[in-house]
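Enquirer: Here is what each chain is made of, one letter per residue.
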Amino acid sequence: MIIGMTSVVLFLLAWQFAPVLGLINGRFTSQPSEVVKTAAIVLASPEFWMHARISLLEFGLGFVLAILFSIPLGILLGTSRLARQLLDPPLMALYIAPNIVLLPIIIVWLGIGVGSKVAIVFLGAIFPIIVNTMAGMREADWQLIRLCRSFGGTQLDVFRRVLFPSSLPAILLGIRLAVGRAVLGVVVAELYASQAGIGYQITTYGQSMRVDYLLVYVLAVSIFGYSLTQGVRKIEDRLQRWRPVR
Amino acid sequence: MMRLYEQFQDLVLGVASLLVLVVVWQLVVELGLVNPFFVSKPTLVATEMASQLNSGILLRHTVATLHALVLSFGLAAGVGIGLGLLAGWFRDVESALDPFIWFKYSAPTIAFYPLFIAWLGYGLPTIVAIAFLFALTPIYANTVSAIRNVDANLVRAARSFGARPHDIFLRVAIPGSIPMIVAGLRLGVGRALTGVVVAELFGSTEGLGYAVGFYGQKLQTTPMMVIIVVVVILGVLLTQLLSRFEAATSFWRTGS
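Listed in order, the protein sequences are those of chains F and H. Start counting the first sequence at 1; every next residue gets the next number (the working numbering). Start counting the second sequence at 1; every next residue gets the next number (the working numbering).
There could be a bad hint or two in this list.
[Claimed, not checked] Quick look at which bits of chain H chain F covers, simulated, 3 or more residues with Cβ under 8 Å:
(1) 44-54
(2) 63-72
(3) 93-107
(4) 114-124
(5) 147-161
No wet-lab data here; the hints were simulated from the structure. The beta carbon of each residue, even a glycine, is placed where N, CA and C say it ideally should be.
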């Protein structure tokens, strides 16, 4: 902890004083003190919140749609062998491939507004959730399934009382991995073509070399992604608690 | 025999599903359900791909992308494994690096591209830098946890036979962590490809990412589809290659 703090402080000091000492050109790097000052201005401006709201809307819509779509599909793939054999190869290919490459064609389809961002968030988020839901379903304890059946559990009971609860940690892991990809998706899509949003602001400030503003916006995105990831991790831990230690 | 049949069945059904996808794509366009302006169609994509292959333009973009990929992935592998070994072995190094890794992990790297262009210039150096940062995290993280999770019994055994710390590092920790490091490389290569393509989309005059953006601005869906297909194939091939490597480096292990 102390060492981590020290290294951060050293980094900030170097960043603060290197331009002063003329070691690097401050125009291209800004300074921590500048960034803090700018952060106060930016956070107080209604402009920031307006753009943040738009990005958040795009992220939220795409992510909720992704969850609603991928969990059922993952369940289907995890429980049906035929579905897995048919859908696994194309899904895997799309999971591996950088789905950002679809961005230009999605813009042709949906325009440069909210729709194309929602689509990119959706595409970025579905694959980790599908793959992990599928894995969770398949790794369910066979003995528990058999136990449930021998006590007269129907297919639905097996699913509700064994498969779903036991795959919940895997599903949440998928959601956690999806957060990072979805945040990247929304920012890249807005950077590429948009009229509003955090990514739009980043391009504007980047092109005019306002490094301090750019860093404040980038930091805002980082903090958002980090907190959301940590939030999902908290839920994972809470759900993990009732499990017996193996 | 049964296993062989099962593997065979997986392959047959997988190929069949891809074929069905292509046929459905062609049919919905032929039947007029979807406007070919938006999705093109497989026959057009195949013809376009052949003509791009003949003119050499597809090859040029692919080579440019692979060039940036090799440089950035090589750099990420070197730095990631190097730092990972240090951080895995010395806890202090890990605590010193941790805040930066966390920041890098949650910050959208691509947002820095205007800065990278200002620092490094337009084109290859910026692309390599961004893809390097994309690929670094999984390689570093896997290396650290591989070294951390080396079998304690092996370490104890080596120590009781008089091994010194550097013996343990070289003879137990490193060989024991190779499979997990290679798994990190497999994750990293996919992310490096994403990084290269994204960076090319923003600041480049060649490469597959540039090409897909270029055709996108001209609203030419057929050549875009060609590039998308090439990128998907490239991603699958690279990951398969690293998976093979992964299997090859862990073959000597006994099942555990």
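Enquirer: State for each hint whether it applies.
Expert: Comparing the hints with the structure gives:
no. : hint    : in the structure
1   : 44-54   : violated (count 0)
2   : 63-72   : violated (count 0)
3   : 93-107  : holds (count 11)
4   : 114-124 : holds (count 4)
5   : 147-161 : violated (count 0)
When the structure is compared with the earlier hints, violations turn up for hints 1, 2 and 5 and for no others.
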